[in-house]
Amino acid sequence: MQPDIAAPGLTLLTPRIPTDEDTREFVYSGTSMATPVIAGIVALLKISHPNWSPAVIKSALVTTGLV
Amino acid sequence: MKTDPYGERLTVDGGNYKVADAFDYGGGLVNLEKATDPGLVYDMDINDYTHYLCSQTLYTDKKVSALTGNVNNKCPSSSSSILDLNVPSITIPDLKGTVNVTRTVTNVGRVKSVYKPVIEAPFGFNVVVSPKKLKFNKTRNKLAFTVTVSPGSHRVNTAFYFGSLTWSDKVHNVTIPISLRTRFIDNFFL
Chain A
0 MQPDIAAPGL TLLTPRIPTD EDTREFVYSG TSMATPVIAG IVALLKISHP NWSPAVIKSA
60 LVTTGLV
Chain R
0 MKTDPYGERL TVDGGNYKVA DAFDYGGGLV NLEKATDPGL VYDMDINDYT HYLCSQTLYT
60 DKKVSALTGN VNNKCPSSSS SILDLNVPSI TIPDLKGTVN VTRTVTNVGR VKSVYKPVIE
120 APFGFNVVVS PKKLKFNKTR NKLAFTVTVS PGSHRVNTAF YFGSLTWSDK VHNVTIPISL
180 RTRFIDNFFL
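Taken in order, these protein sequences are the chains called A and R.
For the first sequence, the tail end lands on 66 under numbering that gives the first Met the number 0, and the numbers increase by one without skipping.
For the second sequence, the tail end lands on 189 under numbering that gives the first Met the number 0, and the numbers increase by one without skipping.
Treat each hint with caution, since some may be false.
Here chain A is said to cover these stretches of chain R; the calculated rule only asks that three of the stretch's residues, wherever they fall, bring their Cβ under 8 Å from a Cβ of chain A [stated by the list, open to error]:
| id | stretch |
| --- | --- |
| 1 | 84 to 95 |
| 2 | 152 to 164 |
Below are the DSSO-like pairs computed for lysine-lysine, each with C-alpha atoms no more than 27 Å apart in a straight line [unchecked claim]:
| id | chain 1 | residue 1 | chain 2 | residue 2 |
| --- | --- | --- | --- | --- |
| 3 | R | K169 | A | K45 |
| 4 | R | K137 | R | K1 |
| 5 | R | K95 | R | K141 |
| 6 | R | K73 | R | K141 |
| 7 | R | K111 | R | K169 |
| 8 | A | K45 | R | K137 |
| 9 | R | K111 | R | K137 |
| 10 | R | K33 | R | K115 |
| 11 | A | K45 | R | K33 |
| 12 | A | K45 | R | K111 |
| 13 | R | K169 | R | K137 |
| 14 | R | K132 | R | K111 |
| 15 | R | K141 | R | K33 |
| 16 | R | K141 | A | K45 |
| 17 | R | K115 | R | K1 |
For the record, the hints were derived by calculation from the structure and aren't laboratory data.
Note that the Cβ used here is the ideal one computed from N, Cα and C, for glycine as well.
Next comes chain A alone, as it looks inside the complex (with noise of 0.2 Å):
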């Protein structure tokens, strides 16, 4: 199924580099900030258990949303 998890990507408060004159914003929405929250988490449970398959990983995210 897809999409298969949703994630936060309402005006998502972001690093940002202070030189970079193209970024004038620190809050940003949409897909481009709901994405990299996966990304983390999906970094963090590959950390916590290094042996598991991406769709162990994939399969542990589904399975435990909150609907």
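Starting from the known structure of chain A, arrange chain R on it as the hints suggest.
Leaving out everything else, chain R in the frame of chain A:
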């Protein structure tokens, strides 16, 4: 997650306020703490991916071996169903009669544990799980089950209806979404 913190029904962004369903939020809002200890998982290895390719008529033995870089990788003798790919969801878009779907779960929680199914059948459909109990121990950490689905009270082509299947050992609730649609009349007649 079906409502916001104020009890308002969850809707799809874009202005038409369509009520959100599993095709919008999948398994739901991600929960990191629970994801570290899911209890059971739906795992897949190269054979599962190979069988998936084989279920598409486009892929022959030759193409599958070329793709996997292994000449010994061949399609199984009996044809595999795309519905049996071991993903953590069940979607049947063209239900007419009774369909059996199989899944295999791997225990990553306590070695000795017993799980029972809780079914929330999509509106009108019949959904039955067999066996009624999954008993895991030291020698058995992978168990298969079958989900039998039929259109139940439906007699005409429907839109997608949503439900879920949860395996529970009272500590973990391992839930997958189920989405079903009937197709009694083929699309080309419509």
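Hint check results:
1. 84 to 95: holds (count 5)
2. 152 to 164: Coverage by chain A is violated here, the residue count being 1 at a Cβ distance below 8 Å.
3. R/K169 with A/K45: holds (26 Å)
4. R/K137 with R/K1: Roughly 38 Å separates the two Cα atoms, so the pair is violated.
5. R/K95 with R/K141: Given that 27 Å is the threshold and the Cα spacing comes to 31 Å, the pair is violated.
6. R/K73 with R/K141: holds (24 Å)
7. R/K111 with R/K169: Within the cut-off at roughly 13 Å; holds.
8. A/K45 with R/K137: holds (24 Å)
9. R/K111 with R/K137: holds (7 Å)
10. R/K33 with R/K115: This hinted pair holds, its Cα atoms lying about 19 Å apart.
11. A/K45 with R/K33: holds (14 Å)
12. A/K45 with R/K111: Holds - the C-alpha atoms of R/K111 and A/K45 are around 24 Å apart, at most 27 Å.
13. R/K169 with R/K137: Since the Cα atoms of R/K169 and R/K137 sit roughly 20 Å apart, the hinted pair holds (cutoff 27 Å).
14. R/K132 with R/K111: holds (13 Å)
15. R/K141 with R/K33: Measuring from Cα to Cα gives roughly 21 Å; hence the hint holds.
16. R/K141 with A/K45: Given that 27 Å is the threshold and the Cα spacing comes to 21 Å, the pair holds.
17. R/K115 with R/K1: holds (25 Å)
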